[in-house]
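Given next are the chains, with one letter for each unit.
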Amino acid sequence: MVDQPPVLQPEPPKAGEHPVPLLMQPPPPPPEELHGIQTASEAIKAILGLVAIFGLAYLAGHPRVQAIEEKLRISQVMTAGLPFVLLGALAHLRQIGILSENVLWEVRPLLALGLGWIGFSIGFRFNAKMVESLPAASTRISVFTAAVPFISVLAACSLMLVWAEHWPANAIFFRDAMILATAGAMTAYSAPRLLEARGASGNTVDRITSIVELDQLAGVFGLMLVAAYFRPQGALVSWQLPGTAWLFLTIGMGATVGGVIYAALSRVEGGPEFSLLVLGSICFVSGMASFLRLSPLVVCFIVGIILVNLPGGPKDQIREALTRMERPIYLLFLLVAGSLWDARQWQGWVLMLLFVGTRLLGKWLGVVLAERRTAAGLTQEERRSLIFSPIGALSIAIVVNAQDLYPDATVSWMVTAVIGGAILTEIIVQASSRSGEITDPAPWGVS
Amino acid sequence: MRFLIVLVLAGLMQAAKSFGPAPGVGSSPAGTALACGYLLLSAFFAGSIFKSLGLPRLTGYLFTGIIVGPRVLGLVSDPMVGNLRIFNGIATALIALTAGVELDLQSMKPLLKTIGWLSAVAVLGTIGLLTGAVFLSRDLLPFMTHLTLVQAIAISVVLGVTMVAQSPAVVVALHSEMQSDGPLTRTILGVVVMSDLVVIILFAIVSSVAKSLLGSGTDAFRTAGALAWEVLGSLAIGALVGVILAVYLRYVKGSSALFVTAAAFLIAEIGQRVDLDPLLVALAAGVLIRNATRHGERLQHEIEVSSLPVYVVFFAVTGATVHINELLIVGIPAMALVLTRAAGFYGLGWLATSIAKAPETVRRNAGFGLMPQAGLALALALLFVKTFPHFGAEGSALVLGVVAMNEMVAPVLYRWALVRSGEAGQSKAVTEAVPAH
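Line by line, the protein sequences give chains A and B.
Just so we're aligned, residue 1 is where the first sequence starts under our numbering, counting upward by one.
Just so we're aligned, residue 1001 is where the second sequence starts under our numbering, counting upward by one.
Take these hints with a grain of salt, some might be off.
Stated by the list, open to error - Computed beta-carbon distance windows for the label pairs:
| no. | chain 1 | residue 1 | chain 2 | residue 2 | range |
| --- | --- | --- | --- | --- | --- |
| 1 | B | Val1247 | A | Leu249 | 48 to 54 angstroms |
| 2 | B | Lys1386 | A | Thr256 | 45 to 51 angstroms |
| 3 | B | Ser1018 | A | Ala343 | 35 to 41 angstroms |
| 4 | B | Glu1297 | A | Ala245 | 53 to 59 angstroms |
Keep in mind that the hints were calculated from the coordinates and are not lab data.
The beta-carbon is built from N, C-alpha and C at its ideal position, and this holds for glycine as well.
Make the full structure from the sequences, and use the hints.
So, in structure tokens, the structure goes:
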């Protein structure tokens, strides 16, 4: 009797068939059943639908609406931009059809730009002075609060995935588990803001902020390793190099292009021209990284680090340009990311529960170990903040980036696990909080 | 240093392109993002180099597009250029919005006589000259040799109307770059906007007549209806868009740059799909806001904030679509037509402004302002191909050759004219904190 595959096993790719990454797909064929005015109708529906979505975004920033959000205790969820992910998912539904395949293909370059923008924004925060000024205790705490949940998520999800994927030994389950673990190791920037809203002291907020920033570094580093050592194969790439070579290539590309961009940005004073150059630079780097099947998030992160640490340079203008353009780019990114999210696969929801549970457990264990090993002397507020830590934009960006790099069936499970996990974690965080919401939430964005 | 940056960027672009061996990879979203970023950076620095040489920035953008485009170096491929055409619509709408906002009808009243005479004499007269030039050279144009006399005249008229089309985009971009203001600036803006309208209407009429003479058969009522919808419908919808923009500007106090850009995108995408002219829609919206509301200055500022990246990519993509190879084929006839057009605009422009008793600066320089040519002529050339499928490609090649030459040379001439007239740097924006372009 032939063994039947387990129910959870995804469809393996057919022989000779290589799924194409999101950012490398050619345009879809026009739908056969649409002609002339119907095509115009489809386009108009898409455009008006997008206008409606942006109208909602504007309304969401209105003070009266924000007051209602605070009363309903959902302002943190709104601030994280998660509704835009849901809007994108809804807009892509066939029954609604605002973001059809044709329209989605047109706006997909925004995905590369969004990933690059997030990476660049995070990298630009890591200047040498900031790193040197970090208290040693924060660094040690961050090691535990990032590493322990990483290991716990990796272990638990590996066990589930090795059983579910059941493919020949090519370590894909390990890659997927690493993606999840990387996404789970980090804490969102809303954590210190939540603390501040609860009336925590300045020192506490600063400490949590520094730990969160170090967590982000761990996340990007994890993605860099995954992207280097689990390379896409097939006709889309012409260079076959070992993983370590790709690692050096990633760093080298970021450093080289970072230097060029530094020279370019230093030639302009400020204003619209400077914003143009920042936008063009991130677009160029992220497009190039995507073209080379590297992670645009990681490469732009390295560019950001280069720019903030080279002497002189227009750092204030870059910061200003980032702040000015961050919100619309971030929202558009979330919209496109949401539209690419396939929430129908129930395996992803099962994985989500495991992901959230093991992450919480790992965060708790990490805090316990940090206190014992480092004599950190965490306050109750700090402990609570580190254990019940929200999942932020970078985690979502990591799985979206993975979805592009590895267009396999199982990666969409990771996306569901992280996006669903982010929502579930927000609910848990809200439930655990003692006092009210932030009275003046920061605009949606990476920071 | 800027030149070195441009070279390094080109090297990086070539390295990136050498990576993916699969054909059609450039058409992917990654390729689009890469091309967009590359054009933004390279064209910007090329424009800056051109400015230091005393040439218009936008010539630098165009030049970049030509050099790195599919027909020369091929750093930006055809699929990439195709995917970036979305910028064309947004840029056209933003430019038309700017043109409309600058059309202060009250302050332009003294110039209406000059604008009217220039449109009637210079523009219509040059159509006549170009028609004559095409007709006289028909033996040199293979696609016209088999036509009867009447058919040849009809096609000559259509080509004359196509080739006379000017470019509000280039004119507005030059005015913005040179921060010019004065009777010449306002007169030229008024003329190119008005002649845009006239050329669209004329093209529809003469091409319908030519089609019927060629036996293709055309429904005159349907054509008239389509034209009425395109022109009148665009103006009406544009007024509505203007009202919406005005309401937004009234009630939203913060930065509205993103909203204005989104509105331009909406006008461009929806307008094309319902057979409206996005240029007329945006123009009408801008004119309404300037002349019927108090938000003209604010809208102008918001457009300035958001439009620069759009313009840079738009002109670079326009350059990348210049058919250099066809220019080599139709070079001599195209050169003759370029010179005819230039002579017509200059000479008849001088005549028209003399009749209208315009100031000396306008008389001496108006012709140069009518010479730039870009988007509308290209669009009409494409329409020519569709309208006359048997020989449209050859005819449009001639038009494209003329446009290619005018795209490269005319902005330089008009820039020189603005400087010569003394109107460069006279804009009110100079007194505000606008960064140097």
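Verification of the hints:
no.	hint	in the structure
1	Val1247(B) to Leu249(A): 48 to 54 angstroms	52 angstroms, holds
2	Lys1386(B) to Thr256(A): 45 to 51 angstroms	46 angstroms, holds
3	Ser1018(B) to Ala343(A): 35 to 41 angstroms	39 angstroms, holds
4	Glu1297(B) to Ala245(A): 53 to 59 angstroms	57 angstroms, holds
Violated hints for the displayed structure: none, as all numbered hints are satisfied.
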